[in-house]
Every structure is written in structure tokens, then in C-alpha cells.
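No gaps in the numbering here: position 214 of the sequence shown is 214 in this note's numbering, and each next residue is one more.
If you are wondering where the hints come from, they were derived from the structure by calculation, not from laboratory data.
Yeah, the Cβ is synthetic: ideal placement off N, Cα and C, and Gly gets one too.
A few of these clues could be false.
[Said to hold, decoys possible] FRET-style restraints, in silico, Cβ to Cβ:
hint: 1; residue 1: ALA166; residue 2: ARG266; range: 37 to 43 Å
hint: 2; residue 1: GLY261; residue 2: GLU213; range: 31 to 37 Å
hint: 3; residue 1: GLU265; residue 2: GLU111; range: 36 to 42 Å
hint: 4; residue 1: ASP215; residue 2: SER185; range: 16 to 22 Å
hint: 5; residue 1: ASN41; residue 2: GLU265; range: 50 to 56 Å
hint: 6; residue 1: PRO193; residue 2: ILE143; range: 19 to 25 Å
hint: 7; residue 1: TYR262; residue 2: LYS189; range: 27 to 33 Å
hint: 8; residue 1: MET1; residue 2: ALA166; range: 35 to 41 Å
hint: 9; residue 1: LYS18; residue 2: GLY201; range: 25 to 31 Å
hint: 10; residue 1: ILE143; residue 2: LYS243; range: 41 to 47 Å
[What the hints assert, rightly or not] Here are the simulated DSS-like cross-link-like pairs (lysine-lysine), alpha carbons at most 30 Å apart as the crow flies:
hint: 11; residue 1: LYS89; residue 2: LYS235
hint: 12; residue 1: LYS39; residue 2: LYS95
hint: 13; residue 1: LYS235; residue 2: LYS27
hint: 14; residue 1: LYS118; residue 2: LYS235
hint: 15; residue 1: LYS3; residue 2: LYS161
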Amino acid sequence: MIKVCISGLGRTGIEVAKVLLQEKDVKIVSALCSPTSKKVNMDLGDIIGTKQLGVKVGSSDNIESIVFETSPDVVVDFSTPEVVVRNAKILSKMKVNMVVGTTGLKEENIETLYGLTKKHSNAIVYAPNITLGVNVLLLLTNIASNILNDYDFHITEVHHKLKKDAPSGTAIKISREIEEGVTLSGNSKPEIPIDAVRAGGVVGVHKVMIAGEYDRLEITHESFSRKVFAIGALKAVRFINKKVGFYEMGDVLELSKVLSGYLDEREVI
1 MIKVCISGLG
11 RTGIEVAKVL
21 LQEKDVKIVS
31 ALCSPTSKKV
41 NMDLGDIIGT
51 KQLGVKVGSS
61 DNIESIVFET
71 SPDVVVDFST
81 PEVVVRNAKI
91 LSKMKVNMVV
101 GTTGLKEENI
111 ETLYGLTKKH
121 SNAIVYAPNI
131 TLGVNVLLLL
141 TNIASNILND
151 YDFHITEVHH
161 KLKKDAPSGT
171 AIKISREIEE
181 GVTLSGNSKP
191 EIPIDAVRAG
201 GVVGVHKVMI
211 AGEYDRLEIT
221 HESFSRKVFA
231 IGALKAVRFI
241 NKKVGFYEMG
251 DVLELSKVLS
261 GYLDEREVI
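All chains should be built: construct the whole structure from the sequences, respecting the hints.
Given below as C-alpha cells:
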């Protein structure tokens with residue numbers, strides 16, 4: 001049984017709680033939200049629309065005492081970049097592993113998370129791009145940019161109007177996959193414009209346009225529901241339990257291994 005604490009009870013955090021509750025090998029033992037939220041001291045079941053669960057939502061300011069009392073194996077964090085970094089410093093010292101799905105972290109924040117796992121020998125999955133489909137897009141984009149290395153690249157991402165960070169963490173990750181694919185081919189790093197659109201209630205769309213003189217390739221991923229983020233978080237929870245080190249969602253899904261196996265099978269055929 002993997003004991004989990006959920007940090008951040010916005011729309012995605014609530015969806016994560018709903019998905020985890022359906023799993024026999026996972027148990028939610030605690031939940032945290034902003035100290036200014038009306039959800040503090042409520043039962044988690046009342047928040048997510050199920051029967052009462054006996055899990056009282058605590059203030060994120062009290063994370064150390066709550067984690068000490070409930071002893072989670074993994075904290076799933078969909079809060080804010082500032083809270084993630086603060087939580088990581090506390091949890092790493094306590095040897096508690098983390099799944100970070102929060103977007104908007106700066107490069108220095110990510111380096112801090114990496115350094116904490118080295119210093120304290122715990123584990124963190126940093127996964128702003130937490131869905132399976134997005135990670136397939138990342139892999140395909142890397143391959144396509146290596147082959148079509150002299151083409152032009154353009155990224156468009158669309159999210160709901162309340163999303164604060166722009167461009168999204170996933171869009172930035174896509175640009176890095178393009179840069180890697182192109183530079184591995186021997187060409188210089190390309191300029192990659194990113195258009196970030198914030199409108200309505202769009203869950204998430206990422207589109208990569210790869211355009212040459214006479215043709216164009218587009219790779220698009222669209223999330224229809226936040227449940228897809230929760231399913232990714234569940235995979236990450238199962239992966240990170242009892243591990244040590246810093247990981248990304250590509251490590252969780254092992255897509256490079258899947259691709260290698262696929263290519264080996266094609267050679268046999």
C-alpha cells in the first residue's frame with residue numbers, strides 16, 4: 001500500500017484525489033491546501049463529492065507536522081511554484097518522495113529540486129508534462145526535428161484563462177526537444193517561436209508546426225479532461241515509491257525503451 005498526501009486542491013488536485021481513491025494499492029492519508037482556502041479543516045470527501053473519508057484537509061503552512069503525523073510515502077504536489085520549492089526542502093529532509101505536477105517552475109527551481117534529491121537521497125518526479133499523450137508528442141517531435149533539421153519550427157499552446165504561467169512548462173519542454181533533435185543532426189540551434197493563448201476553459205492543447213519550403217508537418221496533443229493528468233500522477237506515484245533520485249515523466253513511462261523495442265521488432269520482421 002502506497003500512502004499519499006495531496007498538496008494543492010485546485011481542479012487538478014481534486015481530480016487526482018478522485019482517481020487515487022479508486023486504486024486498491026494507494027491510500028490518501030492527508031491533504032493540504034492554501035492556508036487562506038475555505039477548504040482547510042474540511043473533510044476531503046466533502047470537497048471531491050464523495051462520502052466522508054476521515055481525511056481532514058490541512059494548511060500547507062503545517063506540512064511538516066501533518067506529514068510527520070500521517071507518514072505518507074509520496075506527496076503529490078499540484079500547488080504553486082513557491083509552495084513546491086518550500087515543500088521539497090521540508091520533504092527531502094524527511095525522506096519523503098514527491099511527484100511535482102505543478103507548472104511554472106523556473107530553471108533555478110528545478111535545479112533546487114535536483115540538488116535536494118542528491119543531498120538527502122529521496123526521490124522527486126518533476127512532471128509538468130504529466131500525461132502519456134504529451135510525452136509521446138515530445139518523443140515524436142524530437143525524432144521529427146532530427147530528420148527535418150532544416151525546417152522551421154513553431155509551437156502553439158492553448159490553456160484556460162486562469163492559467164498563470166505562459167508559455168507553459170510543456171511548451172518549453174517541447175522547444176528543448178526540438179533543439180536537441182536539430183543539434184544532434186549537426187545543425188545549429190534553431191529559433192523556436194512559442195504562441196501562448198489563454199482563453200475560456202480549455203484544458204490544454206499543444207501544437208508543433210514543422211514547416212519546409214514545400215510541405216508542413218503538425219503534431220498536436222489535446223487534453224479533454226483533467227482526469228488525464230490524474231492518471232499520469234498515479235503512474236508517477238507507483239514509479240517513485242521507494243526510489244532515490246531525480247526523474248522526469250519520460251523516465252516513468254520509459255518511452256525510449258518502448259521505441260527501441262519497437263525498432264528492434266521491425267528489424268526482425
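Evaluation of the provided hints:
Restraint check, ALA166 to ARG266: a C-beta distance of roughly 40 Å satisfies the suggested window 37 to 43 Å. For GLY261 and GLU213, the hinted distance range of 31 to 37 Å is satisfied, since their beta carbons lie about 36 Å from each other. Between GLU265 and GLU111 the CB atoms are about 38 Å apart, so this pair conforms to the stated range of 36 to 42 Å. For the pair ASP215 and SER185, the beta carbons lie near 18 Å from each other, so the given range of 16 to 22 Å is met.
For ASN41 and GLU265, the Cβ-Cβ distance of about 55 Å falls inside the hinted range of 50 to 56 Å, so the restraint holds. Checked against the given bound of 19 to 25 Å, the beta carbons of PRO193 and ILE143, roughly 21 Å apart, stay inside it. The given range of 27 to 33 Å is respected by TYR262 and LYS189, whose C-beta atoms sit roughly 29 Å from each other. One distance hint, 35 to 41 Å for the beta-carbon pair MET1 and ALA166, holds here, with the actual separation near 39 Å.
As the Cβ distance of LYS18 to GLY201 is approximately 18 Å, the hint placing it in 25 to 31 Å is violated. Under the hint 41 to 47 Å, the C-beta atoms of ILE143 and LYS243, about 28 Å apart, miss the expected range. Of the pairs offered as hints, the one joining LYS89 and LYS235 holds, with about 23 Å between alpha carbons and a cut-off of 30 Å not exceeded. Proximity of LYS39 to LYS95 is assessed by CA-CA distance (about 27 Å); at most 30 Å being required, the pair is judged to hold.
Restraint check for LYS235 and LYS27: satisfied, since their Cα atoms lie roughly 14 Å apart, inside the 30 Å limit. For the hint pairing LYS118 with LYS235, the CA-to-CA distance comes to about 23 Å; that is within 30 Å, so the pair holds. At roughly 34 Å between alpha-carbon atoms, LYS3 and LYS161 are farther apart than 30 Å, so this suggested pair is violated.
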